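So you can see what is in the structure, the chains are spelled out below.
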Amino acid sequence: MHRRNRGTAMTRNVLGLFRDPDSALAAAGRLKGAGFERPELMSPIPIHGVEEVLGPKKSVIKRFTLVGGLLGAISGFTLAAWTAVLYVHPTGGRPIITLPPFLIITYEMTILFGILATVLGFLISARFPAIRERIYVPETAVDRFAVVVACSSDDLLQRAESILHEAGAEEVRRITEGDS
Amino acid sequence: MQTEVRQARFADVNDDVVRSLVVTGRNYYIALGIAGFVTLTCFFFPWFYQLYYGIGAAGMNSPTVWGTYLASFIFWIGLSHSGTLLSCVLHLTNSEWRKAMYRSAEAMTFFSLFVAITMVMVHIGRPWFIHWAAPYPNQMGLWPNFRSPLMFDVMAIMTYLTGSGIFIYMGAIPDFAAVRDRTTGWRHHLYVLLSLGWRGTDKEWHRLGWAYTFLAVLIIPLAVSVHSIVSWDFALSIVPGLHQTIFAPYFVVGAIYSGTAGIVTVMFVLRKYMNFEHYITKLHFDNLGKLLLLLSLLWTYINMLELFTGWFSGTSTEYEQLKYKLTGFYAPLYWEMILFCAVAPLLLISRKFRTSFVPMLILSIAINIGMYTERFLIVATTLSRQYLPGSWRVYVPSLVEISILVGSLALFVTLFLLFVKIFPSISIYEIKETMDAPKKQGDRHDT
Amino acid sequence: MSNVDRRQFLKLVGAGGVGAGAGFMLAESIKHPVEYLIPYPIPPEEFSPGIATWYNSVCGMCPAGCGISVRTREGRAKKIEGNPLHPVNQGRLCALGQAGLQSLYNPDRLTGPMLQSGERGSEEFIQTTWEESLATVAHRLAAARDGGKNIYLLSEGVRGHLAMLLERFMGGLGSEHLMHYDFAHPHALYAANQRLFGEHALPYYDIRNTRYLLSFGADYLSNWLSPVHHSLGFGHSRQGTDLDRGRFVQIEAKMSLSGAAADEWIPARPGSEGILALGLAHQILAGGSYTGSDFDDWNAALENYSADSVAERTGVAAKTIVRLASEFTKAEPGLAIGGGAVDNHSNAVDTLVAVNLLNYLVGNIGKPGGVVFNSDPVVGGPANNRQANFIAMQQLAEQARQGAIDVLIVNNTNPVFTLPHASGFREALASIPMIVSLSSFMDETTTMADVILPSHSYLESWGDDMPQPGLGFPVAAISQPVVSPLYNTRATGDIILDLAGKLGMKDSMPWDSMEACLKDGWRQIYERSSPDASDFDTFWRDVLVSGVWGEDIHRQDTVVVDKSVIDNIDVAEPEFSGDSEQYPFFLHPYMSTAMYDGRGANLPWMQELPDPMTSIVYGSWVEMNPATAKRLGLLDGDLVSIASEHGSLEAPVVIFPAIMPEVIAMPIGQGHNAFGRYARDRGVNPLQILAPITATSSGSLATHATRVSLTATGRRAPPVQTGGETRQLGRNIVQFTDAGSTPGGHSANLNSIPIVVKTT
Amino acid sequence: MNFIDRFMASWRKYRKPGYYEEFDYAWTMTIDLDRCTGCGACVTACQAENNIPIVGEKELGRGREMQWIRIERYWEGEYPNAKLSFIPMLCQHCDAAPCETVCPVSATYHNQDGLNTQIYNRCIGTRSCAVYCPYEVRYFNYYDHHWDAPLEQQLNPDVTVREKGVMEKCTFCVQRIRQAKDHAKDDGRRRVKDGEVQPACVQTCPSEAMTFGDRKDANSVVAKKMNDPRAYHVLEETNTLPSVVYLKKVSANAD
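Protein chains in written order, with the working numbering: chain A, 1 to 180; chain B, 181 to 627; chain C, 628 to 1387; chain D, 1388 to 1642.
This is chain A alone, in the form it adopts within the complex (with noise of 0.2 Å):
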């Protein structure tokens, strides 16, 4: 994780871990109300409470889960009809176009366009996957919670880490994203 922090200084943050999420994100909150840009939280399980803190967030997956089965209902129901009357084989008595198993064919083909475009949804609006270096302390994989702000000047550092200490967490350090 050494590698992650090479690369030429483009801006700074600061990172404060935490033993437990609840001290975390009351740090996270008190950085927010000190006027600093939104900070981020990582951690190894979902922290309940985020949208309290530090405001909403929204989520576009809903409306790609939506048009992804749309596209489908409308795709499927004509791969059914459009290939039967491309090429006509008339069998056992019925239409060409039969509706009731054409809508069979619609209602799969909608789940999996559905599932599909929710898969794209999430790595669009999640950004995954990860092309350029991020702030990651591996620690957050296991049991410790951590908070980082970015910070344009020197004195905005320092302030962050001062909060941070007071919040309680067990250790602050610098950080300096870095292009890969």
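Note that these hints are calculated values from the structure, not bench results.
On a predicted model such as this, the values are computed, not experimentally measured, just so you know.
From the three backbone atoms N, C-alpha and C, an ideal C-beta is built for every residue, glycine too.
Possibly wrong hints are sitting among the right ones.
The calculated EDC-like cross-link candidates involving lysine to aspartate or glutamate, where the alpha carbons are at most 16 Å apart (straight line), are [stated by the list, open to error]:
no., chain 1, residue 1, chain 2, residue 2
1, D, K1445, C, D1308
2, C, K1257, D, E1465
3, C, K1146, C, D1164
Chain D side only, calculated, beta carbon under 7 Å to chain A, not exhaustive [as the list claims (entries may be wrong)]:
no., residue
4, Y1401
5, R1402
6, K1403
7, P1404
8, D1482
9, A1483
10, A1484
11, E1487
12, T1488
13, S1493
14, Y1496
15, H1497
Chain A is fixed; fit chains B, C and D onto it per the hints.
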């Protein structure tokens, strides 16, 4: 339950899971070796033999043109309904106890689907042309016949495979990240890729939560539709004994039933041989037991309905069918099925039984044997007794068929064994969620 | 209808794939058949690949003599269909006839002349050349002739010019011992006709126009005399006219195919059918419809055949007898026929006389829908007087055992298979110094031969035929090669002519080929028939195109039965071998369409054609009444051993609902120990355990006169069946109605046998 | 607007069931059970015409018979009043064929002659059609069959030989129908004459129990026979609209 888990700390969870991935005992290799060998000799060799000489290697005959292959297909599809479906339901109902087991359950889904698809390949007469059943533009200008229930199958199963694959993967991203930092060598690179650079920021968690929930919502109706459609392969025919409206629910219930039993089996194995005693506990067996009981009752009910339909119809075709089922050539199998799937599960009424591991294991296996029999009977009894008595003929599986059945089990086991070494077979972060997170004034345990 | 005339021939020529090309082909093929019938690497211009050519010929699979049209493509026979112009089968054909293709393309055909290298029956032969083999045979024959030794010729029942050739050939050899042997030949029927009608020939039974058929054991739909023609008649009588639907009654111990087709199946005690017939005759007389001058004689002769006594002797209810008699009398016309089992009891002749008597008493002799007498065959000699009955065959065997036979020539007949072991025929053959076989297969008899001169398949050779029984008017048909010979074989006629040539019989047989002989012989026909064909060659070509020739001549003779016949009209009690305690069951061996007398066994199609009654393929079985099986504690598929005084067999049980409890039935045809891969070592041959009992005054083998015992072996060997459950379970698959008959309409007449022109 | 019209037009067209009423022909076979003697001539004729393989005793024992037309036999009653009835069973060429809808690759479908066709080289061998067929007249090639030389010289060049893994069934001798249509065209006729074409089984039936023709032609023999009060369909209740019409057997105790 909680007391047990509280001893473990967050770090231990990571340790245990990573150990389950990187530390590999001799037994594992032996198991894998055996499974692989059986797969090769009992599945692939007979299959190639059959490919070379023709389906004649199997025991099917003129009226009974479907046999154990199709039965196995339904069986595996059914087994696949354990995992993802169950996992989704439990996820949406936020049941805590799901979290320790859903990963392996979903894996079951995925692999049994895989095996089911190979069974189709084994079943059809000219598998080298199976791609003709896939909708793709081709120089012949020919497209598959979307009116066919078999095409519903193709679409549904493909969707289901994709869906459950994505579902299991997405749920595992944070865990990939967790193991990524602890592994080295090829594993590290693999997990770096798989984890997509997951950091666990509040934003990522938020998005993951949403996406995961949506998937769950989408997959539940999908799973239900998949097995309904499998049932329509039969119910849309006019074969007496198959041409029944009850079939869709019948199959779905049966599927979840055998699937749940399958989970119990897998749970037992994981718990025993991957040292997950802390995470897979009596609680899980208890709950699964309750679920099994419910399902067995449902299943029995539907079976009784089926018998009733046959008796009530009064038509010779249906009535003969019923008589044949209860007293005919295959009757012993039928009663064996009733014993395993309707009678034995009544033991689950006692909590003591539910929470004792070995009996649960035995029962779960018995149930799945019974369920396989059910699928076999659905094919064999009905097809050998159709409209024209003059063409009635019984069908007995050939050695090749039986060996391929055994082989398919081995194939499943092999795949699963490989899986547990690549996938964190229990969900790290959700286990942690079930443990109470450290409090501000909580005791400071040393690192 | 006068001669089957040229316009119809030309229609046929024009029809379907034949086209003008075929006419030309035929004309050409007359000159050099071989040159034009090879599947060519480079086809000549008049032979267009992809265009089928049809050749009309005569079926050689059974003695019925149906006309066939063979579809050939690129010089290979592809399909045999009935010749629509041939009045016997009118375009239709039975399963066996169609399987003729497989006797042509049979993998086990003999491919060239052979000399025996090992000892008799060892089936060790070495290939040789025609020159050598013919020389050997000719030399041997010459020696025998000059040394005054006995030469026997045992042939299948041949007719037309081949029959004539054989006559002259044996004449030239100074031998009287020309015998025709057909297992299924109805000797007793001939004898019966001789006795009652005073002529040793088969009449034409006009089933087509009868309204009421009383069949005593004759399986006329599957193998009796001319099954295809009978089937046509059956169908027409059933639903083909506006008249009342024809009614069919079958009297036999075991339901045959005809029994299944009949409206009424009546089991009568084996051998008692004749008594039943006389009982019916008694009733007819009582009914008073018979007004012949000899009424009183009949009455006297039949007085002790009252319904009750007959019922008691036959096991048929008295009221049934009365009903049958009245139905038969009322029907216009009604027809009684007898054959099958009836033809094969010790009292067969009496029985068949009694059966014919019924026809006589209701006065349907020489009438449409009745018994019509045939005129003599137009060419060749009458063949039937040469038919060898069982006694003759036994004499042959006896002669052989005494070393009185020097040379035996066997032409395509297989007595070793069809004669019972008790006849000792096979052993007798061993003591004949020289046996020559002209068979095209390595059948049981041929395995005994010293020299094999393999003959063509009938699809490769020239010949002609006058169907027996005729149709009441003269019919003659030409059989011509439809493909070039596959192997180094020769037509029987040509072989005979070759030998004749070598033996210096040129004067009596001047022809150098069978074809030449035919052409010569058919000149008579050309001359006697009103020649609307300009010259003989045209006529000949037309005949070849149509494959058949007919003439509208009918005999108008009235039959008067001799007083002596009337006075001693009686049916003796049948005689059976084995006492009823030790051998409680009557053995009922029967022929089937597929196997006929065993000749079908080497044809895969026939082996795979499910037996209609039991749906069994491949192998043998024994049919018994459910009650019998129950009594013996036997189930379907149990292997039982069937023992007579003369041997025993093992066969699986098939429970058969329509057979008398004291009778067990076994199909004839399987149980070959030679005859090629499909036939060999499959099933058993019931004929071999038969007792050598002959029918009085016909001398034919009474195949139904053997009693047998059944013992369970405790083993199971279920036969291969293609059918499953045999009951409908109320599913209305076969539906019945009673609104079948549509009354009123015109009366049919015999001459109007439709000549359908094939349109393909 | 114009587009909408065209769309609606074709929509209505393709939504119309029972298109088979618009086919050129509706080939039909009638089988008079009162004439059928069960002799089996049709079975052999079919084998000869359609290159149906010789399956062999072993395979037949395993229930893999290959006879596009078979004679089913049904007993009524017990001795001495047992009656045996035969019914030739072959592909009924149903207009509402269950087998057609189920094929995932359209290997079997209804063609312009109203025939239920089987396209061997499209078949992937799911065998579902055989399951869906209530008449059990579809036969599967469990192996590659072979003919002992020179039996193969008899094979009909107008009909293919099927490979393993393929479903096959009665075609109403489609090769003959094609030929007849070609002849009709050569003679400048629009339609095939009645009686001009006969499948092998019909052609050979010794008791003339079977007739074949186009039921669209009101004067054809089959059309007339279909009006016979005895006419019925086997398994009418399955509503498959068969093209094979059976004429009821007249029961013995009718009079």
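Results for each hint:
1. For the given pair, K1445(D) sits about 15 Å from D1308(C) by alpha-carbon distance, which is consistent with the 16 Å threshold.
2. Straight-line distance between C-alpha atoms of K1257(C) and E1465(D) comes to about 14 Å, which keeps the hinted pair within the 16 Å bound.
3. As the CA atoms of K1146(C) and D1164(C) are separated by approximately 9 Å, the hinted pair is consistent with the 16 Å bound.
4. A hinted interface residue such as Y1401(D) counts as satisfied when its beta carbon comes closer than 7 Å to some beta carbon of chain A; here the least separation is about 4 Å, so the hint holds.
5. The interface hint given for R1402(D) is met, as the beta carbon of that residue sits about 5 Å from the closest beta carbon of chain A, less than 7 Å.
6. Using the Cβ-Cβ criterion of 7 Å, the hint placing K1403(D) at the interface with chain A is satisfied: the shortest such distance is roughly 6 Å.
7. For P1404(D), the suggested interface contact is upheld, since its CB lies about 5 Å from the closest CB of chain A, less than 7 Å.
8. Evaluation of the D1482(D) hint against chain A yields a held restraint, the C-beta minimum of about 5 Å falling below 7 Å.
9. For A1483(D), the interface hint holds, the least distance from its beta-carbon to any beta-carbon of chain A being 4 Å, beneath 7 Å.
10. A distance limit of 7 Å between C-beta atoms decides the matter here; for A1484(D) the minimum to chain A is near 5 Å, and the interface restraint holds.
11. Given hint, E1487(D) at the interface with chain A, holds; its Cβ is 4 Å from that chain's nearest Cβ, closer than 7 Å.
12. At its closest, the beta carbon of T1488(D) sits 4 Å from a beta carbon of chain A; the interface hint therefore holds under the 7 Å criterion.
13. About 4 Å separates the beta-carbon of S1493(D) from the nearest beta-carbon of chain A, less than 7 Å, and the hint is met.
14. A cut of 7 Å between beta carbons decides the hint on Y1496(D): the least distance to chain A is about 4 Å, and the hint holds.
15. With a cut of 7 Å, the hint placing H1497(D) at the interface with chain A holds, because the nearest CB-to-CB distance is about 4 Å.
The structure fails none of the hints (numbered hints given earlier).
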